[in-house]
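The numbers in the sequence shown follow the UniProt record's numbering, run straight up by one, and end at 589.
Treat the hints with care, since some could be wrong.
[Said to hold, decoys possible] Ranges of calculated distance between the beta carbons of each label pair, as one might list FRET restraints: (1) GLU328 - CYS303: 16 to 24 Å; (2) ALA264 - PRO318: 17 to 25 Å; (3) PRO318 - LEU245: 18 to 26 Å.
[To be verified] Straight-line C-alpha distance at most 25 Å; calculated PhoX-like pairs for lysine-lysine: (4) LYS232 - LYS206; (5) LYS189 - LYS222; (6) LYS157 - LYS189; (7) LYS489 - LYS462; (8) LYS489 - LYS425; (9) LYS189 - LYS159; (10) LYS159 - LYS172; (11) LYS222 - LYS237; (12) LYS222 - LYS251; (13) LYS232 - LYS189; (14) LYS251 - LYS172.
Simulated from the structure, these hints should not be mistaken for lab results.
Note that the structure is predicted; figures quoted are calculated from it, not measured.
Ideal Cβ positions, reconstructed from N, Cα and C, are used throughout, including at glycine.
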Amino acid sequence: MCILFLPDCPINTMITLGQGMLMFSFLLYVSVTNGACNCDDEDAIWGVESILQCQKASDFLIALSYFSIPLELLYFISCSNVFPFKWVVVQFGAFIVLCGMTHLLTVWTYAPHSFNLMLSLTIFKFLTALVSCATAITLVTLIPQLLRVKVREVFLKQKARELDREVVIMKKQEETSWHVRMLTQEIRKSLDRHTILQTTLVELSKTLVLQNCAVWMPNPQKTEMILMYEFKNRNLKLSIPVSDLDIECIKATKGAKILMPDSALAAASSCGLAAEGGVAAIRMPMLRVSNFKGGTPEVVEACYAILVLVLPFGCSHPWSDQELEIVEVVADQVAVALSHAAVLEESQLMREELEAQNRALQQARSNAMMASQARNSFQRVMSNGMRRPMYTISGLLSVMQRDTLSSSQRLILDTMVKTGSVLSKLINDVLEISNVDQGRLSLELKSFQLHPMIKEVAALAKCMCSLGGFEFEFEVERSLPENVIGDEKRIFQVILHMVGSMLGGSHGGGLISFYAYLEDESDLNQEPRWSPWKPELLPNGYVYVKFEFKNQNCTSDESTSGSSGLTRKSSGDGSCEGLGFTMCKKIVQ
Numbered sequence: 001m002c003i004l005f006l007p008d009c010p011i012n013t014m015i016t017l018g019q020g021m022l023m024f025s026f027l028l029y030v031s032v033t034n035g036a037c038n039c040d041d042e043d044a045i046w047g048v049e050s051i052l053q054c055q056k057a058s059d060f061l062i063a064l065s066y067f068s069i070p071l072e073l074l075y076f077i078s079c080s081n082v083f084p085f086k087w088v089v090v091q092f093g094a095f096i097v098l099c100g101m102t103h104l105l106t107v108w109t110y111a112p113h114s115f116n117l118m119l120s121l122t123i124f125k126f127l128t129a130l131v132s133c134a135t136a137i138t139l140v141t142l143i144p145q146l147l148r149v150k151v152r153e154v155f156l157k158q159k160a161r162e163l164d165r166e167v168v169i170m171k172k173q174e175e176t177s178w179h180v181r182m183l184t185q186e187i188r189k190s191l192d193r194h195t196i197l198q199t200t201l202v203e204l205s206k207t208l209v210l211q212n213c214a215v216w217m218p219n220p221q222k223t224e225m226i227l228m229y230e231f232k233n234r235n236l237k238l239s240i241p242v243s244d245l246d247i248e249c250i251k252a253t254k255g256a257k258i259l260m261p262d263s264a265l266a267a268a269s270s271c272g273l274a275a276e277g278g279v280a281a282i283r284m285p286m287l288r289v290s291n292f293k294g295g296t297p298e299v300v301e302a303c304y305a306i307l308v309l310v311l312p313f314g315c316s317h318p319w320s321d322q323e324l325e326i327v328e329v330v331a332d333q334v335a336v337a338l339s340h341a342a343v344l345e346e347s348q349l350m351r352e353e354l355e356a357q358n359r360a361l362q363q364a365r366s367n368a369m370m371a372s373q374a375r376n377s378f379q380r381v382m383s384n385g386m387r388r389p390m391y392t393i394s395g396l397l398s399v400m401q402r403d404t405l406s407s408s409q410r411l412i413l414d415t416m417v418k419t420g421s422v423l424s425k426l427i428n429d430v431l432e433i434s435n436v437d438q439g440r441l442s443l444e445l446k447s448f449q450l451h452p453m454i455k456e457v458a459a460l461a462k463c464m465c466s467l468g469g470f471e472f473e474f475e476v477e478r479s480l481p482e483n484v485i486g487d488e489k490r491i492f493q494v495i496l497h498m499v500g501s502m503l504g505g506s507h508g509g510g511l512i513s514f515y516a517y518l519e520d521e522s523d524l525n526q527e528p529r530w531s532p533w534k535p536e537l538l539p540n541g542y543v544y545v546k547f548e549f550k551n552q553n554c555t556s557d558e559s560t561s562g563s564s565g566l567t568r569k570s571s572g573d574g575s576c577e578g579l580g581f582t583m584c585k586k587i588v589q
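Take the sequences, apply the hints, and build the full model.
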């Protein structure tokens with residue numbers, strides 16, 4: 001007979017107690033009768049028939065109880081959704097059902113029975129043995145898990161206590177943040193330095209129920225700390241040297257510091273009515289916007305004000321961590337608000353300076369416009385005075401071109417016409433000198449014949465050399481292209497400037513040679529002074545044409561290229577480059 005003991009089940013407890021009482025009664029009766037079994041006496045109480053009937057009844061009751069226990073376990077599993085060992089309960093249920101079947105079949109074995117009944121009983125006992133062994137093995141692995149569940153329960157209780165503490169801390173932090181937000185909103189309502197400090201003292205005194213709240217600031221020499229603001233307006237001028245130990249300690253400490261009652265700073269701020277541990281002080285950085293002018297901030301000595309807070313005299317509780325945290329956060333917010341106020345003051349000063357500069361710029365602009373109008377009037381007068389004779393000369397030359405002339409006369413006349421057009425161009429450049437300075441010279445690019453233009457330049461250069469006492473010769477390379485694209489007048493102007501520069505720098509006598517030829521790109525690369533002005537790659541169909549003047553009697557040759565920049569040597573007296581050179585340089589560039 002197998003009995004399952006479940007201490008939490010009242011039915012099993014009653015069955016076990018009944019079986020124990022029956023066993024105890026049987027043993028007591030045997031001991032009373034000296035252990036003799038009166039099996040042959042049919043009228044005796046404990047005869048064979050009586051014992052068999054008791055066993056039948058006991059087996060039947062045990063079977064009923066065993067069949068009821070799985071129903072209770074099934075009800076327990078259906079009601080408990082968090083029970084983690086349901087498969088163990090299933091094994092127990094199967095074990096109990098098999099035990100119940102064994103006891104139920106045993107009821108019919110006390111009388112003569114068939115072979116099928118004995119076979120069924122044997123099968124159920126065998127299955128009961130298998131399930132009981134499996135259940136026993138399962139319990140071996142289940143017990144450590146149950147112990148871990150108990151440990152986990154203890155751990156969860158500990159975590160719950162920790163969470164409760166964290167909730168309390170979070171509530172305190174939330175309360176602290178609410179006070180800080182309220183104080184910050186009151187502080188940020190104004191951008192005036194005095195209003196910010198007065199609001200800070202009033203709101204801190206209300207929130208923390210303070211006896212007094214004071215702000216100490218350094219004097220301009222930074223030798224003393226002066227009482228500037230306090231909640232109780234006592235109209236006292238108090239000062240403490242910056243060499244005081246408490247002041248030095250407060251400035252060196254980032255957080256709040258509790259002052260002793262005998263401290264000079266605590267006594268001055270509390271009128272001598274400070275309890276032990278009832279005065280706290282903290283530094284407040286005084287930011288200066290002027291230290292950050294010019295981009296890179298200057299290295300300046302840190303300047304701090306001191307905020308002193310005094311609890312009421314006879315207060316039962318000292319400063320708590322939550323209150324000190326509020327004080328530290330408010331001190332930072334006050335420092336930020338003071339910096340914003342300083343920024344506003346600085347911006348107002350800068351605005352006034354900018355307005356003054358704007359007025360000066362407006363006056364300068366008005367003067368510049370008046371000067372521009374005067375210059376335009378002068379240019380109109382000069383245009384009429386300088387261009388009118390040129391128009392007359394150009395008209396006479398155009399009339400002369402209609403006559404029949406020889407080739408030499410025609411060359412001279414064409415040269416004069418070309419020189420007149422160049423002179424008109426120079427007059428226009430002079431009248432538009434502002435455009436020359438800004439590099440806005442216009443070029444009229446069109447196709448023209450290069451060889452006739454060179455002959456005209458040579459004819460004019462020959463005349464200029466003859467007037468200067470020089471001989472002149474020119475040589476033109478036959479490989480030069482006939483038709484080119486460019487501004488003919490500007491090229492003529494540049495070449496004339498080259499001739500004039502050479503004649504102006506010489507003292508008379510000598511041979512002036514003029515060459516026009518194609519420049520090889522490899523030779524051009526050897527002259528580094530032309531490299532900034534030449535293109536990196538020469539396009540197809542383009543060539544370098546070089547115009548060069550040489551004075552055979554000079555120690556140094558001066559040459560220039562029409563495809564590159566111009567150079568001009570200064571005269572002996574060290575005068576600077578003139579307007580003509582500036583124009584030619586702009587043209588070449």
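Hint by hint, here is what the structure shows:
Look at GLU328 against CYS303: about 19 Å separates their beta carbons, and that is inside 16 to 24 Å. Range check, ALA264 to PRO318: Cβ separation about 21 Å, and the 17 to 25 Å hint holds. Checking the proposed 18 to 26 Å range against PRO318 and LEU245 shows it holds: the Cβ atoms sit about 21 Å from each other. Between LYS232 and LYS206 the alpha-carbon distance is near 13 Å, which keeps this suggested pair within the 25 Å criterion.
The hinted pair formed by LYS189 and LYS222 fails the criterion: a straight-line CA distance of about 30 Å is larger than 25 Å. At roughly 48 Å between alpha-carbon atoms, LYS157 and LYS189 are farther apart than 25 Å, so this suggested pair is violated. At roughly 19 Å between alpha-carbon atoms, LYS489 and LYS462 fall within 25 Å of each other, so this suggested pair holds. Using a Cα cut-off of 25 Å, the hinted pair LYS489 and LYS425 holds, with the two alpha carbons roughly 8 Å apart.
Using a Cα cut-off of 25 Å, the hinted pair LYS189 and LYS159 is violated, with the two alpha carbons roughly 44 Å apart. Straight-line distance between C-alpha atoms of LYS159 and LYS172 comes to about 20 Å, which keeps the hinted pair within the 25 Å bound. A C-alpha spacing of about 16 Å is found between LYS222 and LYS237, which places the hinted pair at or below 25 Å, so the restraint holds. Between the alpha carbons of LYS222 and LYS251 the distance comes to roughly 13 Å, so the proposed pair stays at or under 25 Å and holds.
About 22 Å separates the Cα atoms of LYS232 and LYS189, which keeps this hinted pair within 25 Å; it holds. For the proposed pair LYS251 and LYS172, the alpha carbon gap of about 28 Å is over 25 Å, so the pair is violated.
Of the numbered hints listed earlier, those contradicted by the structure are 5, 6, 9, 14.
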